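Asks: Once you have looked at the hints, place chain B on chain A.
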Amino acid sequence: MRRELNRVWLTLAMILITLTSQAQLKSIVFTPQWDANAQFAGYIAARELGYYEEEGLKVTIKYPETTMSSQEMLRDGKADLITTALTSAIVMKANEGVDLVNVLQTSQHSSICLALKNPMKNLRVDSLKGMRVGLWYNRLAISAEALNIQRHLNWTMIPFRRGFKLLDYGVLDALTVMEYNELLQLKYNGHDVTEHSVLRLCENGYDVPEDGIYCLNDYYKQNTKEVKAFINASKKGWEWCRKHPQEATNYVIEEMTKEKIARSKVIEFEGLKVILKKQEATPGKVSYQLRQPQFDHAASIMKAAGLIETIPDFKTFI
Amino acid sequence: MKIKSLTLRVAIVVTIMTLFVLLATVLTVYNIAANNHKKDAAEESNYKLDLVVERLSKVQKTVELTARYSEPALKASIEDTTAVMDILTNIVETNSLVNCAALAYAPDRLPGRSYYMPIAANYGMVSHYFSDKEIHGEYIYDDWYIAPAQKDISFWTDPYYNTLDVPVVSYAIPIRNEQHELEAVLTLAVELTNLHKLLTFSNEVGPDSTSNSINIILDRNTTFLTTRNKNLIMNETIFTLAESQNDTIFRHVGQEIVARRDGETVTNVNGEKSVITWRVLPNLQWTAMVVTPYTEVFARINSLTYTALLVALLATIAAIIILYFTVRRALRPFNRLKKATHLLGDGKYDTELPHKLTSRPDEIGDLSREFMRMEKAVKKNIDELEEERLRLKRSYEMLETLVHNVVSHLRLPINNMVGFNDALASMVTDCEEAQEIKEHSKEAIMSILKHFNQLNEMADLISLKAYDEGAMVDVSIEKFVGEAMKSAHQLEERFFLKVNGKYLDTRDMTIHTNTMVLENLLHQLIIEISKVSKTDEVDLQFRLDKDLNSMKIMVEAKAENPIPEEEKRDFFKQFANKKVNAYVTNDYLQLFICYRIAKLLGVKLYVDTPKNKQGNLFVIEIPKA
Chain A
1 MRRELNRVWL
11 TLAMILITLT
21 SQAQLKSIVF
31 TPQWDANAQF
41 AGYIAARELG
51 YYEEEGLKVT
61 IKYPETTMSS
71 QEMLRDGKAD
81 LITTALTSAI
91 VMKANEGVDL
101 VNVLQTSQHS
111 SICLALKNPM
121 KNLRVDSLKG
131 MRVGLWYNRL
141 AISAEALNIQ
151 RHLNWTMIPF
161 RRGFKLLDYG
171 VLDALTVMEY
181 NELLQLKYNG
191 HDVTEHSVLR
201 LCENGYDVPE
211 DGIYCLNDYY
221 KQNTKEVKAF
231 INASKKGWEW
241 CRKHPQEATN
251 YVIEEMTKEK
261 IARSKVIEFE
271 GLKVILKKQE
281 ATPGKVSYQL
291 RQPQFDHAAS
301 IMKAAGLIET
311 IPDFKTFI
Chain B
1001 MKIKSLTLRV
1011 AIVVTIMTLF
1021 VLLATVLTVY
1031 NIAANNHKKD
1041 AAEESNYKLD
1051 LVVERLSKVQ
1061 KTVELTARYS
1071 EPALKASIED
1081 TTAVMDILTN
1091 IVETNSLVNC
1101 AALAYAPDRL
1111 PGRSYYMPIA
1121 ANYGMVSHYF
1131 SDKEIHGEYI
1141 YDDWYIAPAQ
1151 KDISFWTDPY
1161 YNTLDVPVVS
1171 YAIPIRNEQH
1181 ELEAVLTLAV
1191 ELTNLHKLLT
1201 FSNEVGPDST
1211 SNSINIILDR
1221 NTTFLTTRNK
1231 NLIMNETIFT
1241 LAESQNDTIF
1251 RHVGQEIVAR
1261 RDGETVTNVN
1271 GEKSVITWRV
1281 LPNLQWTAMV
1291 VTPYTEVFAR
1301 INSLTYTALL
1311 VALLATIAAI
1321 IILYFTVRRA
1331 LRPFNRLKKA
1341 THLLGDGKYD
1351 TELPHKLTSR
1361 PDEIGDLSRE
1371 FMRMEKAVKK
1381 NIDELEEERL
1391 RLKRSYEMLE
1401 TLVHNVVSHL
1411 RLPINNMVGF
1421 NDALASMVTD
1431 CEEAQEIKEH
1441 SKEAIMSILK
1451 HFNQLNEMAD
1461 LISLKAYDEG
1471 AMVDVSIEKF
1481 VGEAMKSAHQ
1491 LEERFFLKVN
1501 GKYLDTRDMT
1511 IHTNTMVLEN
1521 LLHQLIIEIS
1531 KVSKTDEVDL
1541 QFRLDKDLNS
1551 MKIMVEAKAE
1561 NPIPEEEKRD
1571 FFKQFANKKV
1581 NAYVTNDYLQ
1591 LFICYRIAKL
1601 LGVKLYVDTP
1611 KNKQGNLFVI
1621 EIPKA
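Chains as they are written, first to last, in our numbering: chain A, 1 to 318; chain B, 1001 to 1625.
Everything labelled a hint here was simulated from the structure, so no lab data went into it.
None of the values given here were measured: they were computed from a predicted structure.
For each residue, glycine too, the CB sits at the ideal point set by N, CA and C.
Do not take every clue at face value.
Facing chain B, from chain A, some residues (calculated, C-beta under 7 Å) [stated by the list, open to error]:
id : residue
1  : K165
2  : N189
3  : V193
4  : A262
Excised from the complex, chain A in its bound form:
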């Protein structure tokens, strides 16, 4: 009898300790700039593997809504940390005056491509002149806008939400796609994705870093420890993905299923490999840092295209 009572007490103590520790975890709302996909495999893996909890964080990954982008969510305080493209962050800071800081730079190279409806021999930038080009409505491909302006391509730009169907519907001549996402969707939907149909910005002078984690400067100052903990856990998540791409893809697929998003393991696995490659500053080396030359390159392109008036101070950006 006594032994059983001891067991009951022990169980209750364990529950209490767990609840206490849960209560002590710092909550963070993290919003990626797009729906769940391999692009965010590192964060999904870190959450699933308990890396955030190990850092004392309770991270909620809240994907952007139809009505609100990640930038808007950050600006409106609906998200503590977001991911967005460097160019979008520069625009926010330079044009909208949002005081945000880059706390982690995952992508080191551009993944943006322009996919054409009809393949062309000797496809070059100038080949795109006068085309009806689809660009994401939330301006995640600002470098493509810069290309249009700087190279005087005179596109009829048609903003769209997602996917690639507008190419099939005959509405567009070309549209922006990510190398790790829509380009693979095109590939596995029977489109030609050779050099005759795909123009990669990174190969045409627009190789600017993309995804990074941002938060408002104030938030960072007030929660520096938590942000750093989040960064550490996120890095661990990405490193795990690098070592276990298949398992990471499985986590991504589970997440996409939960979010009711169209999913294919083939595409996500291949996409993850592209993403991991884009994270390497030099072959085989991952730094997770935004370097000033890259920042300056991106900002100067945007300034030259007239997309920003002034280049934000790099020191205030990181």
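Replies: Just chain B now, with coordinates in the frame of chain A:
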């Protein structure tokens, strides 16, 4: 292994031929059946595809007509959102296919409302509400809005997830004012589950429908829209499947579909070999596909094949048995003929073949009749020969009797002559006279002996003649000669064998001969002996030993290894008549031996009594070759 039985051989040959015929028949039946079933399967697939096309076309037309008929009313009531909502509600109420009807106003079309979209939905029950940017976001960035707005055409979207995360397809038409400005986009959404229900018709195809076939609809990019595996719907394409399964055929199918080409192929689907038939649907540019497991397509063919094979096997076994007994029955007359021939060979000339055999009208009947005819002929010839033999036998018996009589009649005078001669010699004192008498007597005896010899020859000839002619008369010459010699007691007991002037045996016999015949005979004898002797030194002795009342002919080879006794005996088989010793008496041994040698050599034998010499000289006269 050589098969001796003609029955078995014929049965095997006929069985093999039967098997060939059966195999050819089965293959032909299989091919015909396979082609028919393939056609059936293809027709069934095509029938299903026709159904898909028909039903989707019906859905398409219904939705399009609904939109077209609603367009004027909406255009007229565009300012009145309540009226618009009524029209939309009416659409979903009257058309069960349409789950959702919405009118997306162009931005700022309505005063104070940048985005505005009345929606009527029917998810079991009809509801209607208004949506704006806060609820629906900036719908102008959605494909279903952009496409008709940009292209100014009515338009079917590929399936997409709506704001309720429900996969739908939409038909959207732009509504423009008289200035051709875009006022709104009407969109009528149909849930994929509705389509799925419409296309689940495998049980409707008929009782022969292949139950395990999969009916699939793919969008223009080969994304699965309806199929049995829910995980594929809206997620996977033919290309991702091809990639995950590393299936080049699948990839090719995807390319064909994207190129809007109909087709048919065979590949593995879920590890099962299947026939895939697809057809690109007009207008929607979707693709209807029917996947039928190969085993199912060919289930009936295989069943038919197994039945055919079983029947063929049973027929073959039956054919073998029937053929075996038929052939055996057919060959039974031959066995009877064989037995009859065997009996005929054994001298049973009265063997009869059954009447049913000889009365047959076929070749066997001919053979049987010929056999009977041959048997009769042989019997007739044999009978004639027997008669002739008996006749000869009687003739020779008469001759034998005659000779016997002659000998008997001569014996007494000879004895008398001898006795008389002896008496006369004893009475004569004068030696010369006595000697002369004696010589005359001997001459007389010699003369008689000559006659004896002639008789002997005659008897011998009779015997040989009788033997040659099959009379089997046993004329024993020694009997006559022996009888004759009993009276000639002066016969010399010593004689010599002399060959080519050499005395082979100096003690017993002298045979005057210089002929090649005896030389050859002895030469052959020596050669035969030499075959077993390692040297050429062979002693050949003809020894006639009257004391032992037997004849011995001995050969001694001076070889390192002595000739086995059995082989020695074999050498003289042609010389020694084993019966000799049993019949030869002491007194007339030499004469008999000479006679035998002469007989063997085929020469004449006579006895000579030289003048002024004691004893008799047995002369073997061998004519020169």
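Asks: Against which earlier hints does the structure fall short, listed by number upward?
Replies: Structure breaks hint 3 only.
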